[in-house]
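Participant: Letter by letter, the sequence shown follows residues 1 to 88 of the numbering used here.
Heads up, a few of these hints could be off.
[To be verified] Straight-line Cα separation of at most 30 Å, BS3-like style, residue types lysine-lysine; simulated pairs:
(1) Lys23 / Lys65
(2) Lys28 / Lys15
(3) Lys65 / Lys33
(4) Lys28 / Lys65
(5) Lys33 / Lys23
It should be emphasised that the hints constitute simulated quantities derived from the structure, not laboratory data.
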Amino acid sequence: MYLGSVVGTVVSTTKNEGLIGTKLLLVKQLNEKLEVVGNTHVVVDSVGAGVGETVIVATGSSARKIFSSDSPIDCAIVGIVDSIEVNN
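Kindly generate the complete structure, drawing on both the sequences and the hints.
Facilitator: Shown next as structure tokens:
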């Protein structure tokens, strides 16, 4: 899992049937200081997140299990972050 920032939406009218009815968002990977550290990914939203929100993203088989093991899903939003506390 990783933290991410929702930076946009993806509209795809033609897609694999395993993605029909899903909401697709663009998410940039963040570190614990909420700084961008990774690539931008297309992710499936399972919690109703929106642009500008900080989210928790599950990847791989964990992301697929949220929908169906046959879905072509590699990343899914599984939580919206309310706050982060880092102790150094």
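Participant: Taking the numbered hints from earlier one at a time, note which ones the structure violates and give those numbers from smallest to largest.
Facilitator: Per hint list: zero violations.
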